[in-house]
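Student: These are the residues of each chain, in order.
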Amino acid sequence: MSKQKPILYFQNRDIVVPGDIVAAGDVDIETPNLLVKLDDGRIMATVTGLLSVEEEEGKVKLGLIPLKGRYIPKPGDLVIGVVADVGITAWFVDIRAPFPGVLNASDYLSRPFNPATENLRKYLDVGDVIVAKVAQFDRTRDPILTTQEKGLGKVVEGSLIEIEPSRVPRVIGRRRSMITMLQDMTQCNIVVGNNGRILLRCPNPEIEAVAILAIKKIEAEAHTTGLTERVREFIIEEKIKRGLMERGLE
Amino acid sequence: MGSSSEKPQLIIDGKRIDGRAFDELRPIEMEVGVLKNADGSAIVAFGNTRVLAAVYGPREVMPKHVALADRAVIRCRYRMLSFSAEERKSPAPSRREIELSKVIREALEPAIMSELFPRTTIDIFIEVLNADGGTRTTGITAAALALADAGVPMRDLVAGVAVGKVDGKLVLDINKVEDMYGEADMPVAAMPSLGRITLLQLNGVLTHEEFVEALALALKGIRKIYELQKEALRKKYVTTEEA
Numbered sequence: 007m008s009k010q011k012p013i014l015y016f017q018n019r020d021i022v023v024p025g026d027i028v029a030a031g032d033v034d035i036e037t038p039n040l041l042v043k044l045d046d047g048r049i050m051a052t053v054t055g056l057l058s059v060e061e062e063e064g065k066v067k068l069g070l071i072p073l074k075g076r077y078i079p080k081p082g083d084l085v086i087g088v089v090a091d092v093g094i095t096a097w098f099v100d101i102r103a104p105f106p107g108v109l110n111a112s113d114y115l116s117r118p119f120n121p122a123t124e125n126l127r128k129y130l131d132v133g134d135v136i137v138a139k140v141a142q143f144d145r146t147r148d149p150i151l152t153t154q155e156k157g158l159g160k161v162v163e164g165s166l167i168e169i170e171p172s173r174v175p176r177v178i179g180r181r182r183s184m185i186t187m188l189q190d191m192t193q194c195n196i197v198v199g200n201n202g203r204i205l206l207r208c209p210n211p212e213i214e215a216v217a218i219l220a221i222k223k224i225e226a227e228a229h230t231t232g233l234t235e236r237v238r239e240f241i242i243e244e245k246i247k248r249g250l251m252e253r254g255l256e
Numbered sequence: 018m019g020s021s022s023e024k025p026q027l028i029i030d031g032k033r034i035d036g037r038a039f040d041e042l043r044p045i046e047m048e049v050g051v052l053k054n055a056d057g058s059a060i061v062a063f064g065n066t067r068v069l070a071a072v073y074g075p076r077e078v079m080p081k082h083v084a085l086a087d088r089a090v091i092r093c094r095y096r097m098l099s100f101s102a103e104e105r106k107s108p109a110p111s112r113r114e115i116e117l118s119k120v121i122r123e124a125l126e127p128a129i130m131s132e133l134f135p136r137t138t139i140d141i142f143i144e145v146l147n148a149d150g151g152t153r154t155t156g157i158t159a160a161a162l163a164l165a166d167a168g169v170p171m172r173d174l175v176a177g178v179a180v181g182k183v184d185g186k187l188v189l190d191i192n193k194v195e196d197m198y199g200e201a202d203m204p205v206a207a208m209p210s211l212g213r214i215t216l217l218q219l220n221g222v223l224t225h226e227e228f229v230e231a232l233a234l235a236l237k238g239i240r241k242i243y244e245l246q247k248e249a250l251r252k253k254y255v256t257t258e259e260a
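In the order they appear, the protein sequences are chains A and B.
Under my numbering, the first residue of the first sequence is numbered 7, with each subsequent residue one higher.
Under my numbering, the first residue of the second sequence is numbered 18, with each subsequent residue one higher.
Bound-form chain A, shown alone:
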């Protein structure tokens, strides 16, 4: 490898837009399609997003966190889907992606399924909400979903909200910091799907409203710093306003 010292034109957490020349020279790119290397060695951004610059032992690592964009499934992603169609041996699930998610009956029921003797609508019908994982997806076929893990399957209670899929990492936070804080502060059980759907199961409607406002705040301010602390203060304020908590505690 050539020992060309990299030149950076932007700093960490700067907003870059498509066409911006971010850097030149020898750098590691962590998000291959969002930052591309041109023929002359310059690095260009392809989407609007936040640049992350990490320097380690003289090596510069560049990443780009997109601020907008459709959800594209990835194997291993947790998704919250709505059953859109019932087939003969599988359900077709809307997962907010350009492709329908396919949930095979044998996977959901954990046993062989005979369409001659049973009707799938008995188990899941159009409009039912499921929590699933993307088992496989290679862009040539529709994504295959699975519910074969703890916590996956049909959703029977709770509230569903939608956010921009690109903001999901901020709702979860670094090492789950944001989501842990949200759950501690609101006592809600929160399931965040990578496709931007969030399932809330809260002890009461008032606290649920606070949790939803907090999530919407995270979505709107996803590109700012110090968000976890601000959201914590926001939740305390909202709880006091609604009489769910007294001032001076915490």
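By construction, these hints were calculated from the structure, which means they are not laboratory data.
There could be a bad hint or two in this list.
[Stated by the list, open to error] Covered, in the sense of this in silico footprint (three residues per stretch, anywhere, with C-beta under 8 Å from a C-beta of chain B), are these stretches of chain A:
id	stretch
1	33-42
2	110-118
[Unchecked claim] Just so you have them, the derived chain B footprint on chain A, three or more residues with Cβ under 8 Å:
id	stretch
3	22-28
4	232-242
On a predicted model such as this, the values are computed, not experimentally measured, just so you know.
The beta-carbon is built from N, C-alpha and C at its ideal position, and this holds for glycine as well.
Add chain B to chain A, keeping to what the hints say.
Tutor: Relative to the frame of chain A, chain B by itself:
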């Protein structure tokens, strides 16, 4: 369209009919994210020309048989609204609109990384709200912004502008009067950071020297428009940050 009217004098005292210098763009306004239901949108005005662009996708292709196995299908519709011209334009798609839809699509296609989204479609809608010359290049400029706003990965933004020859002089960003009575009209669109031209049309006659000069003039204008595009995209997030 006032076909019987006399050709007006297009250049008076070294200034153009609207008072601009030869290499001066019209006042440009750009705003990104103006439509809520679209994945990405933008409104762009070059003087009196005003164009709205909306992008949907990548999304499922309907009808399914048009899907491509290796990349996204890009569909583009350019349309002039009935009230966009002085005389009511029939809402039926004209030959010109169908052709411009194709030309604009081909100007945008090289910028879109469509290979990342096989079996999907990216739909681009371009609506001309008010037409005063240069609607195709304004449309391309707006559509590129809408694509970037939708979060579609792009190799570069595409910006466009038309150069014309009026009263023997090469002028940048011609308006409708200059287009109607000028000797030549040359719309150009390019990806400035990559140094690639994605649209080059010429209506009328230019000598070789004139062509070279006109192209340089267009690229100079495109560079300016390109910077405005980036500013418009950034502005959307800077203002939310302050709020």
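Student: Each hint: holds or not?
Tutor: Here is what the structure says about each hint:
no., hint, result
1, 33-42, "holds (count 3)"
2, 110-118, "violated (count 0)"
3, 22-28, "holds (count 5)"
4, 232-242, "violated (count 0)"
Checked against the numbered hints listed earlier, the structure breaks hints 2 and 4; every other hint is satisfied.
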